[in-house]
Amino acid sequence: MLVDLGIKFGDLHHYTELEDQMKTMPEIARVFPKMAEVVHIKTPTSALLKKYHFADDCCKFDNPKKLLNKPEKYLKIWGNYLQSYKFYHPFRNEIRELLTCGSDVMRTVDFFAQSIFKEDKSHKMCVHIRRGDFLTDIMLETTKEFTVPAIKFAYDYIKSEKEM
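Residues 321 to 484 (the working numbering) are what the sequence shown spells out, left to right.
In short, the hints are calculated from the structure, not lab data.
A portion of the hints provided could be inaccurate.
Stated by the list, open to error - Ranges of calculated distance between the beta carbons of each label pair, as one might list FRET restraints: (1) His448 - Asn413: 21 to 29 angstroms; (2) Tyr372 - Asn413: 20 to 28 angstroms; (3) Ile471 - His360: 32 to 40 angstroms; (4) Leu368 - Glu465: 27 to 35 angstroms.
To be verified - Derived pair list, reagent style SDA-like, types lysine to any residue, alpha-carbon separation capped at 25 angstroms: (5) Lys406 - Lys441; (6) Lys354 - Met342; (7) Lys396 - Ile415; (8) Lys371 - Ser404; (9) Lys354 - Ser423; (10) Lys396 - His409; (11) Lys441 - Arg427; (12) Lys354 - Ile436; (13) Lys406 - Phe381; (14) Lys354 - Gly422; (15) Lys393 - Pro364; (16) Lys406 - Met355; (17) Lys362 - Ser404; (18) Lys472 - Ser442; (19) Lys362 - Phe381; (20) Lys406 - Glu461; (21) Lys444 - Ser404; (22) Lys362 - Ala375.
In this text, a Cβ means the ideal position worked out from N, Cα and C, and glycines have one as well.
All chains, please: the whole structure from these sequences, using the hints.
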């Protein structure tokens, strides 16, 4: 993950300053306190900034390490296809830490979960299907015949890994 490459190699994460981004920082800090510690919004001068296209191909992994030795102080990365697990898997522990919710959020979630599940402590698996992605591409499909076995495969994998 591009954000985690910064952690791994000692750089902080920067985003171009926009009014909307500045407005979201207090909420990010409340929801994801660790994320707020490493994200900084800056407006670098154009002399220090270089734009790079990255992950432009939907079906080909683009290794983020190629961005490490660029001479510019700030890189503005245009990436469209970052769905591959290969971007995130090496940094999964750091990602989990960055996305750990703050105490207020956790209390609310715990209260809500208790009201729904009561004493049921079994594993819950939620599936999110981006159906809209499949509507305009004739080469992709999200049929019941594809989706149900895919969910079963994921469930069986999680079950075997977690010994549930």
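Hint consistency between Lys441 and Arg427 [alpha-carbon to alpha-carbon, up to 25 angstroms]:
Within the cut-off at roughly 17 angstroms; holds.
Given the hinted pair Lys444 and Ser404, is their alpha-carbon gap at most 25 angstroms?
Given that 25 angstroms is the threshold and the Cα spacing comes to 24 angstroms, the pair holds.
Within a Cα-Cα threshold of 25 angstroms, do Lys406 and Phe381 meet the stated pairing?
holds (8 angstroms)
At the C-beta level, are Tyr372 and Asn413 separated by a distance inside 20 to 28 angstroms?
Since the Cβ atoms of Tyr372 and Asn413 sit about 27 angstroms apart, the hinted range of 20 to 28 angstroms holds.
Distance restraint between Lys362 and Ala375, which requires alpha-carbon spacing of 25 angstroms or less:
With a Cα-Cα distance of about 23 angstroms, the restraint between Lys362 and Ala375 holds, given a limit of 25 angstroms.
Below or equal to 25 angstroms on CA atoms is what counts here, so check Lys371 against Ser404.
Since the Cα atoms of Lys371 and Ser404 sit roughly 22 angstroms apart, the hinted pair holds (cutoff 25 angstroms).
Return holds or violated for the Cβ distance of Leu368 and Glu465 against the range 27 to 35 angstroms.
With Cβ atoms ~52 angstroms apart, the hint is violated.
Assess, step by step, whether the Cα of Lys406 is no farther than 25 angstroms from the Cα of Glu461, and give holds or violated.
It holds: about 23 angstroms lies between the C-alpha atoms, which stays within 25 angstroms.
Given the hinted pair Lys362 and Ser404, is their Cα-Cα distance within 25 angstroms?
It is violated: about 28 angstroms lies between the C-alpha atoms, which goes past 25 angstroms.
Take a quick look at whether Lys354 and Met342 sit within 25 angstroms of each other, Cα to Cα.
Given pair Lys354, Met342 holds - Cα atoms ~17 angstroms apart, limit 25 angstroms.
25 angstroms Cα cutoff - pair Lys472, Ser442
The hint holds at about 17 angstroms.
Take a quick look at whether Lys354 and Ile436 sit within 25 angstroms of each other, Cα to Cα.
Roughly 28 angstroms between the alpha carbons, so the hint for Lys354 and Ile436 is violated.
Hints 4, 5, 12, 17 and 19 from the earlier list are contradicted by this structure; the remaining hints agree with it.
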